[in-house]
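There are 2 protein chains.
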Amino acid sequence: MEKERETLRVWKERVEQELDGVVAFWMKHSRDQEHGGFFTCLGRSGKVYDKLKYVWLQARQVWMYCRLYRNFQRFHQSEILESAKAGGEFLLRYARVAPPGKKCAFVLTQDGRPVKVQRTIFSECFYTMAMNELWRVTGEVHYQREAVEMMDQIVHWVQKDPSGLGRPQLSGTPAAEPLAVPMMLLNLVEQLGEADEELAGKYEELGDWCTQRILQHVQRDGQVVLENVSEDGKELSGCLGRHQNPGHALEAGWFLLCHARRKGDPKLRAHIIDKFLLLPFHSGWDPEHGGLFYFQDADDLCPAQLEWDMKLWWPHSEAMIAFLMGYSDSGDPALLHLFYQVAEYTFRQFRDPEYGEWFGYLNREGKVALTIKGGPFKGCFHVPRCLAMCEEMLDALLSRLPPDSDPTSSPPVVPTPRDAK
Amino acid sequence: MEKERETLRVWKERVEQELDGVVAFWMKHSRDQEHGGFFTCLGRSGKVYDKLKYVWLQARQVWMYCRLYRNFQRFHQSEILESAKAGGEFLLRYARVAPPGKKCAFVLTQDGRPVKVQRTIFSECFYTMAMNELWRVTGEVHYQREAVEMMDQIVHWVQKDPSGLGRPQLSGTPAAEPLAVPMMLLNLVEQLGEADEELAGKYEELGDWCTQRILQHVQRDGQVVLENVSEDGKELSGCLGRHQNPGHALEAGWFLLCHARRKGDPKLRAHIIDKFLLLPFHSGWDPEHGGLFYFQDADDLCPAQLEWDMKLWWPHSEAMIAFLMGYSDSGDPALLHLFYQVAEYTFRQFRDPEYGEWFGYLNREGKVALTIKGGPFKGCFHVPRCLAMCEEMLDALLSRLPPDSDPTSSPPVVPTPRDAK
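Residue numbers (full-length UniProt numbering), protein chains in the order written: chain A, 1 to 421; chain B, 1 to 421.
Check the hints yourself; a few may be wrong.
Copies of the same chain are indistinguishable here, so a pair counts whether it falls within one copy or spans any two.
[Stated by the list, open to error] Below, simulated DSSO-like cross-link-like pairs (lysine-lysine); rule was C-alpha separation at most 30 Å, straight line:
hint : residue 1 : residue 2
1    : K234      : K47
2    : K263      : K47
3    : K234      : K28
4    : K234      : K51
5    : K116      : K234
6    : K160      : K116
7    : K51       : K102
8    : K102      : K116
9    : K160      : K263
10   : K12       : K367
11   : K28       : K47
12   : K367      : K47
13   : K160      : K28
14   : K12       : K234
15   : K267      : K202
If you're looking for bench data, these hints aren't it; they were derived computationally from the structure.
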C-alpha cells in the first residue's frame, strides 16, 4: 500500500507539474491580441507558423481554459478567463458561415472570414462545449442560450434530417455511422447535463441512444471495435468497414464510463472496460516499439492510410484518462498498471523538456516526425484535458487510500450510486 | 562512349524487363470480369482488399493499356485492348454522376454507383485521357467525341466559370491556383494534340496559357517552386503558400519539356531544366537517407502533413522521366547522372522482386510502410508510364549513339525543330 501510495503520488506530481508547463505554453504563445481567438499553428518553440484559425481548436481552447479556471484553484486567474472570453467572442462573431444559420466553418482567416466548411457536426459540437463552459464560468445566459440552441440543431441533423449539413445524396454511399458521431453527442450530453438537472433530464434519452449506438461498433462476436458500422449495427464492406482507430475506441471508452457512472450500472462498466479499454489496447499496442498504432485493419491487412503506423499524442492521452478512470471506478489493479505503462511511454516519447508542451506526431519507432506543437488538429485540448483529468483522478485516489499501511486492504473504489445501495 | 552505351543498355534492359512484370501484375490481378473496369486496391501479392473503383485510376489504367497496345509491339495483344475497352465502357456507363451533366464521381462501387464526388477537375481530366486513347487504338469516333466534349467542359470550368464544380464561395478562401490544374491541362493539350493538327491548333493558345501559369509557380527570385500561388502569380500566406511538392514540380518539368520541344524553344527548355528539374531535386532529395521527400516548406519549417518525410513511388518515377527527358533533349550529362541516381534508388527501394510491381509508400529511412501495391491513389499508371517512357527514351538514345567509340564525340541530342533550323 505504501508503494502504491508512493507511485500514485509521484505520478500526481509529474502530471501536475506538466499541466503547469502546458498551460503556460499556450497562454504565452497562442493568444491573438489583435482579433481575439487563438493561434494554434505553433512550431516547436511556440512560434506561429500559420495564422489560420481552426474552429474545432478555437472552441476546444475556450472550453479548456474555462474548465481550468473553474476546477483548479491555481488556474482561477483573470488572465485565463479573459482569454477564454476573447475566444468565445471570436466564435460568436465569426464561427457561423451564414447566420442565423447554425452551420459553422471548419477554418477561418485570422480576422474571421470562412476558408472552409466541413459537412459534419464537429465544429458545431465544440462550439456548444465552449459556450456551455463560458456560461458556467461567467453566468452570462446568452452563452448558455447559444449552447442549447446549437445542441438542438446538432441533434436535429443527427437524428432527424442531415440535409442542412450539405452532404450530397449519392446512390453508392453506404449509410455508415462513424463512431465519432454518437461519441461526440454523448460527450455533449455529459457536458450540458453536469449539475443541471433540467438539461440532464432533457437529454437522458439521447444519452441512452448514443450509448446503444456506440456499443453497436463492437463487432465480430465482441472481438473488434470498428470505426464505421451501418446505422442498424452491421459491419460494412471493404476498408471502410474494417477500419479501426484504437485511440478513438479508448476515448469512447471513458465517455462511456462517465455514462455508466451516472447510470450506476456496474455491468455496463465491466462491458466497457472489456470492449473499449482492454480490447483496443491489446490490439493497438505496438509489441515491437511500444505506443498505440493510429489505424488498424480488422483483418490485419495493411491499412491504406499513409500514417497508419505513426504514434500520435492524442490516442495516448485518451488511453491515460481511460485506464485511470477504469481503475478509479472498478478498483481493478490491472487497469492501474496499464495506466502506468501508457503514461511512462507517453511522458518519455511525447514531452519536449526543452520548449514545453508535447510533440504530436512520432514515427513507428518513436522518433519525432513533426516538430510542431500545434496545427490544424492539435491545439490546447487533448494534452491539458488529459493532465487535468488525471490530476483530479490521482488526487481523488490518494485521498481515498486508507491512512494505515495494511497490505491486505482492498484497492480504492469510487462508489457509484448503484454500488452504494 | 562504350561505357555510356553499356550503362544505357543495362538500364534499357532493366526497365524493359520491369515493365513486363508490372504489366503482367495488373493484367493478372486487377480486371473485374463481372462489371468491367479494374480493381486497384490490391495487396502485396495482388489480392483485392477493397472493391471500390476510383475513377482517376480506372481512367488511368485504360489510358495506360491503350498506350502500351499502341506503342509497344509486345503489348499489342487483344487481351490488353479488350481490358482497356471494358474499362472504357465502365467509365462511359458510370463515371458521370448525373448525365448528361459532365461532373464525374471520384469513387464508385464495384457495380458503378457513385460513392463520392470531388469538387475538382481531375476525374474528368483522366476520363478525357482515357477516351482519347481509346479512340486512337480503336478508331471509334464516339470515344473521341466524349474526349473533346469533356475537354471543353474542363476548360470552361477552369477559365470561365468554376461554379459547376460545386465549390462554395467563401469570403476567406484565397483565390489559389494549385500547380496541378495548369499541369493537368497542359498534359491534356499534349494528349489531344498528338498527331492531330486540328486539335493541336485548337488548343495551342491554351497550352501557352498553361505554361505561363505553371511558370508563375517559380517564386522568390527563382529560388523555389511553390505548389499554390495566387491567380496573378503571387506567393500566398501561411502553410498553403509555402507548400512544396518536389515530385510534382519534377512531373510539371517533363510536361513542360514536351511543350518546349513542340515549340522548339531551347531557352524555355533551359529554364525548365533549371527550375523544374534541378531546383526541386536539390531541395527535395534527402541527403541522409536518399529519396525525395513528399512535402516541404519553402521556409524550411516543419510541414503540417503527417506524411511529409515519406518516400512515395510516384515522385521517383516522375523524376526518372524528367531527368531522362532532360538529357535526351539537352545532352547535358549531369542530367543523365541524376537519372541514374534516382533510378538506382527507385529500383533498389520500391521494387518487390517477390510478388512484382512496386511498393508505393516507404518511411523516411526507406523501409516499406505500406505493403499494398494499389490503393485509392496508386494504380496501373505512374510505374508503367515511367517504365514505358524510359524504355522508349533509352531506345532512342542508344539508336542515336554514333557507331564508333570515339570518346570525344558529343552526347546525343534530340534535334528540336528550332535547333534543327
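Going through the hints against the structure:
no. : hint         : in the structure
1   : K234 to K47  : between (46 Å within a copy, 24 Å between copies)
2   : K263 to K47  : neither (45 Å within a copy, 47 Å between copies)
3   : K234 to K28  : neither (48 Å within a copy, 33 Å between copies)
4   : K234 to K51  : between (42 Å within a copy, 18 Å between copies)
5   : K116 to K234 : between (33 Å within a copy, 21 Å between copies)
6   : K160 to K116 : both (25 Å within a copy, 23 Å between copies)
7   : K51 to K102  : within (24 Å within a copy, 37 Å between copies)
8   : K102 to K116 : both (15 Å within a copy, 25 Å between copies)
9   : K160 to K263 : within (26 Å within a copy, 60 Å between copies)
10  : K12 to K367  : within (27 Å within a copy, 39 Å between copies)
11  : K28 to K47   : within (10 Å within a copy, 53 Å between copies)
12  : K367 to K47  : within (22 Å within a copy, 32 Å between copies)
13  : K160 to K28  : neither (43 Å within a copy, 47 Å between copies)
14  : K12 to K234  : neither (42 Å within a copy, 52 Å between copies)
15  : K267 to K202 : within (25 Å within a copy, 73 Å between copies)
Hints 2, 3, 13, 14 from the list above are not met by this structure, while the remaining hints are.
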